[in-house]
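Protein chains: 4
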Amino acid sequence: MIVVMKPASTAQQISDVIARVKSDGYDAHLSQGEQHTIIGVVGESPTPLREENYGTMEGVEKVMRISAPYKLASRHFHPHDTLVPLNGSHMGSKKVLIIAGPCSVESREQIIDIACQMKEAGATALRGGAFKPRTSPYSFQGHGEKALQWLAEARERTGLPIVTEVMDTAQVPMVCQYADVLQIGARNMQNFSLLNVVGESQHTILLKRGMSSTVEDLLMSAEYVLSHGNNRVMLCERGIRTFEKATRNTFDVNAIPVLKNLTHLPVIADPSHAVGLWEYVEAIARSAVAAGADGLIVEVHPEPDKAISDGRQSLKPERFKAMVQQVQRIAEAVGRTA
Amino acid sequence: MIVVMKPASTAQQISDVIARVKSDGYDAHLSQGEQHTIIGVVGESPTPLREENYGTMEGVEKVMRISAPYKLASRHFHPHDTLVPLNGSHMGSKKVLIIAGPCSVESREQIIDIACQMKEAGATALRGGAFKPRTSPYSFQGHGEKALQWLAEARERTGLPIVTEVMDTAQVPMVCQYADVLQIGARNMQNFSLLNVVGESQHTILLKRGMSSTVEDLLMSAEYVLSHGNNRVMLCERGIRTFEKATRNTFDVNAIPVLKNLTHLPVIADPSHAVGLWEYVEAIARSAVAAGADGLIVEVHPEPDKAISDGRQSLKPERFKAMVQQVQRIAEAVGRTA
Amino acid sequence: MIVVMKPASTAQQISDVIARVKSDGYDAHLSQGEQHTIIGVVGESPTPLREENYGTMEGVEKVMRISAPYKLASRHFHPHDTLVPLNGSHMGSKKVLIIAGPCSVESREQIIDIACQMKEAGATALRGGAFKPRTSPYSFQGHGEKALQWLAEARERTGLPIVTEVMDTAQVPMVCQYADVLQIGARNMQNFSLLNVVGESQHTILLKRGMSSTVEDLLMSAEYVLSHGNNRVMLCERGIRTFEKATRNTFDVNAIPVLKNLTHLPVIADPSHAVGLWEYVEAIARSAVAAGADGLIVEVHPEPDKAISDGRQSLKPERFKAMVQQVQRIAEAVGRTA
Amino acid sequence: MIVVMKPASTAQQISDVIARVKSDGYDAHLSQGEQHTIIGVVGESPTPLREENYGTMEGVEKVMRISAPYKLASRHFHPHDTLVPLNGSHMGSKKVLIIAGPCSVESREQIIDIACQMKEAGATALRGGAFKPRTSPYSFQGHGEKALQWLAEARERTGLPIVTEVMDTAQVPMVCQYADVLQIGARNMQNFSLLNVVGESQHTILLKRGMSSTVEDLLMSAEYVLSHGNNRVMLCERGIRTFEKATRNTFDVNAIPVLKNLTHLPVIADPSHAVGLWEYVEAIARSAVAAGADGLIVEVHPEPDKAISDGRQSLKPERFKAMVQQVQRIAEAVGRTA
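In order, the protein sequence lines correspond to chains A, B, C and D. With the numbering used here as the guide, the letters of the first sequence map in order to residues 4 to 341. With the numbering used here as the guide, the letters of the second sequence map in order to residues 4 to 341. With the numbering used here as the guide, the letters of the third sequence map in order to residues 4 to 341. With the numbering used here as the guide, the letters of the fourth sequence map in order to residues 4 to 341.
Everything hinted at is true.
One copy or two, either will do: identical chains are not told apart, so a pair holds if it fits within one copy or between any two.
With a straight-line cut-off of 30 Å between C-alpha atoms, the simulated DSSO-like cross-links for lysine-lysine are: (1) Lys9 to Lys97; (2) Lys309 to Lys25; (3) Lys65 to Lys319; (4) Lys324 to Lys65; (5) Lys97 to Lys324; (6) Lys74 to Lys309; (7) Lys319 to Lys97.
Simulated from the structure, these hints should not be mistaken for laboratory data.
Chain A extracted, bound-state conformation (with noise of 0.2 Å):
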C-alpha cells in the first residue's frame, strides 16, 4: 500500500501516518519529493490494512493498493492453469469446449430434442434455465424442479452434462441434486451468501460476470467459491452494460487475455448475451475463441419465434452447427482444437 500525503502535510501528520503503519505491524518506508510525500506500506502482518481508514487521515492525500485483493484466484500464488472436467474433457485444456442449450428448459420433449441436436452437433454439455432470473415479475420465471428432472431425463439419453443457473441459497441443494455445474448469473455476481453456498457445495461452478462488474470483481467473487476449497470454477464474460444501444451489452473481449494472464481458472465466454442478435453471434463466438477463450456457451433455440425467453439472440441448430465449425477452424488457428 502507498499513502501519499497532500503537498501541505505537516511533519506531525506524516508522522501519524507512520505510526499508524507501524502499530498496525507493518514497515513504512518514506520518499520525499518536492511536492508530495510518499510512504510505502510494506511487510506481513495479522492486521488487515485497510486503505479507507488511512485516507481519512489528516493530511493524507490518497492511498493506493499495490496487491491484487484475491490471493486463491490469482495465477501469481497458483501459476499453472486450472483444469476444470467437464464430460471427459476438461475446461481449461487445450481443446475448446462448448455448452449450449436453450435459455429456458420449456417442456420435456423441448429439451430432450434440443440435446439431442446439440451433442450430435458437437457440444460438451447442455445449459438450459430450470429457474429464471426475469426483469420483470410477470415473465416466465421458469418450471423449477420439474425442468431439473427434464434436464436430467435429457442428461440420460446423450450423456451431456447440464449446466443450470441457481438463483437463491435456498435451491442450491435442489439444483445440486441434478445439476453437474451450477451457474451463477450476471446479476447473483455479488450475491455474496449465494457465492459462500455453491462454494460449499463443491459442485461445478460456471460464474458469470456482473453486467457492470470489473475484471477484479469477478475474481473477488471467485475468490468466495474458492474460500470454500471449491476450485473448480469456470469465469464467464458475457457482455458488460455501456453507453452503446446497437446491441444488448458490450462484448469486452479484452477481459479474455487479461484474465487469462491474471488467474489459472478457465474462461469462457457468452457470445448470446455479449451481443444479443442471433445474426452476430457467430462472429462474437469465433472472436472469443481468437482472443484465447477456453470454452463457449451458446444458446439455443429450435424455434427462435416462439421461445419464451431470449428467442432475439438465440440460434437455430442448423446455424450452431455452422458456427461449431467456425470455431473449430479458429481454434486450430491458435493451436487449439474444438
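Based on the hints, put chains B, C and D in the right spot on chain A.
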C-alpha cells in the same frame, strides 16, 4: 408495441406478422411508408406480447415497446404519492426525512452511542449493517444477529426505527424480527428471489438502485415487491458506475425528478455511496433535496479512520449536524421542511 | 511517480529502473515488500517523466502517477478563486450568474425578442448558436456570421454580453469580433488546435466538458487555454454519456464540488443538455446550484415545438422565469445570491 | 417516425399532431390502443421531420425514429462493399490489410528504419503521427511538417503509402501534400468543420470512432465525408470508454459485425488503442479479424521504453511479425487472406 419491417420485406412477411398479432389476440394497424412498413399492435389479450419473438420473424427490422413494463409502480395507474410511514412521519410527505448511522454495526456501545447522536441531530431513523456484502471474502462480513440485537437496543434507547440490510432469503425471517425497514442493497437489486421474499414479508422496504441498473430496471424490481401486495417501498438513488473515477460512483441526480414523475413511490438519495468521499457528501445531499428527493440515507461514524467499513465516505457526527442544517435550508427553499 | 515491480522481478531489473530514474534526473527510494518492490520517484528534473516508458521496462508491473498533470488550473498552485468578469459581475463570485438564450440563433427578430425577455427575467448574458455542431450533415448548421451580427444587435438593445460557440480555428477571428465569450462545445473539448487558438485570443472562454471526458481531462483542456496566459476560463458540466437512456445525458453533479476543490476556475452547469427534457431542467438547475455551481447556462425558446434545434430541452420564457426564482432561493440557502 | 401519445392525451391533442404531420407534408396513420394512441408518420416531403419538435407538443409522450439518419453510408442504399484502394490492394476486399508504424514520427532515421521493417513484415501501409493530439499541453505535440517530409522519404524508400493524422482544418492542405490517407482521430470524430474539409479534399480518410461515440454517431460522421462525394472512407473501431479500467479502453468487437451489416464501408480495428497494453495487442488483433474486420492499424516501435508516446501499447517489430502470422492464420480460418 410497434413492429418495423425491413425496407425489403415482402407482402408475405408482413401478413405473417399480422397473422401472428391476431393469433395473439391483438389488433394490427398498418402504416405503409416509402421505406418502412410499420405495424402498430394495440388492444388487450391474455397472451403476453413477447417483443423478442416478433424480433426474430422474417422481414422484421425491429420491435419497439410502447407501454411501460411496470404497472403497480407507475404513477399512471396510481397518480397519488405513496406515503411510507416512518417514526411518526411519512417518507414521501412534505417533510424530508433523514436516515443516518454507521455503515457497519461494530459494537453495542458504538451503535447506541451513534444512535443517541443521530437522534439529537434530527435523524428520523437509524441505519446500521448487521450483514455486510463485501467484495472480498476476507473483509469483515458483519456481526449478524448480535448486531441486530444491538440495533434493537439502540432503538429502545432512542425511539429511532432501524433500517438494516438483508442479503439472502434465509435471513429474512430473522432480520424481520428486529428491523423496521429492510434494505435491499445495490448488489441485490435484481436478486429476484430475495425481492419475492421481502415482498411477502410485508415489511417496509428500502430498495437501492443497482450500480448499473436503469431507472426502468429499478421500477421493475420495485414491481416485484409491489406484486406481493406490499406497497411500502422507498426507492434509493445511490450512484451509478460510469467511466469517471474521481468519485466512487456517479450520482445520477437526474433520476430523482425522473422517478418522481414516473412513480408514486418515495425517492430518497444516499449521498455517501453516491460520491464516496466524505468531503463532498454535504454538497450531494443538498443537490438531492434541491432536485426533489423525499429523504436521505447517510453514513456517519465518530472515528472514520477506525471504521471497519466505508470510513472514507462517513461523516463525523458534528459534520452530519451541519449537513442536516444545510438540508433544512434547501428543503425550505423548495417548499418543504426537514 | 511510483514504480511497482512484479513479484518475480530480479535484482537486475530493479537496478535498471533505478538507473533510468537517476539518468532522468530524479531520486529513487526503494521499499522492499514481501511480494512487491516499490520504487518511489521524487525530485525535479527538466526531463519529463514518461510513465509509459517505465511501464514497458522488464520486471515492471505498473506505474502510478502521484502529482496532478495540470498545474495552472490547480488550486494547489493558485489557491484563490479566479473571478471571470461578465457584464459587471464576476463568474466565480458570491453571485450565481445565469446565461440564457436559444440553442440556435434562428432570425434577427427571434434573438432580439428573446434577449429582451432574458434580460427582464434576470439573465446576465445571452447565449445563441451561430455555428452549430450537428450530428447530421443534413441538419441546420447555423446562420454563421449573419447570426453573429444579430447577436451583436441584441447586445446593443439589452446590454447582455454574448456567449456563442466557435467550432474551428478558422472561425476564431470572426467570432472574436462579435462575441464576448467563446464557447468550446463538448465535442471540441479535446480539439487541441482550437484550444490553442482560443487561448491565444485572450477572449473569455466557456469550456464544456466532453461527454466522455473525466474531470481530469477537462482540467487538462483548461490547462491548454491557461498555458497561453489566458485565465478567463469558465468550466461547464453538461452531463456525461452513460448506460442510462431515460435522459439525454447523466448530469454528473459530483463533478461540481470536486472541481471546486481541485481548481480555482469558476464552474457552471448546463442543465438543458444535462437532462435533455425541459420538464426536468428546473430540478437540475436547482441541484447544480445547491451543489456549489457558480452559474448556469440554460436553453430558452418561446416556441419549443418550432425550434430548429434542441426544442425538447428548451424552457419557454415564463418557465425560465420560474426557474430563476427557484435558483435564487437555492442560492440564498447556500449563502449566495442570484 | 412514430408519435406515441400519452394515455391521458385528448382528441384535440391527437388531431393537432395529425395536423402538424400533414402540414409538414407527410401522412399520419392512427392506431388507437387501450392505453396509448400511436401515430405512424410515413411518406416523403421536402420538410425535414424534427422529432424534437413533435416531442414538445401537448399530449405527446415520446417520438421514435424509424429510419436510419444516414443514407450514403447505409448498406441499404448501397448494398455492395465499397473497396478503398491502398497500395495496389483494396481495404474491404478479401485480403486483410495491415497498417503499422510508430505512434509519433520521432526522427528521420526512426521512421525510415521502421518503414523498412514494416514492409518486410508484410504491412500494406505506414502509420506515423506528425501532429499529435495530446491530453497535456506539456507533452510532445509532434514534429509537424518535418515529420511529414520524413514520412514521404520513408514512402520513397519502401513504397508504403502514408497514413497520418490531421487535427485541424488549417493543416489539411499541407497534410494532403504528403499523406496518402488522412486519419481523423477519435477526439476529432465529431469535429464537423474538419470532416467537411477532409471530405472536400477527396483524399482517402481513415475515420476513428470517438471514445464515447455510438456506432450510429460514427456512421453520421462518415456521412459528413460522403456528402462531399468522397466515398474513400475506412471506419476504425479503436475501443470505447467504459467503467472497466484494467485496459485503456474497451474494444467493442460487437461493432465490427454490426458495422459490416449496416454499412458498405470497410471496417478496420486498432488493437493498440483498444487495449492499451502491448501484451494483449496480438489477442485483440486476432479477435478483430475473426469477427470480420477488413484490416488493422497497429502501433510498432523498436524501443517502446524510449518511445515519446504510446510506448506502453507499442509492439516491438519482432512481436509485430508474430502478430502478422497469427492474423494470417485467423484470416484463412474465416475464408480470407492477409
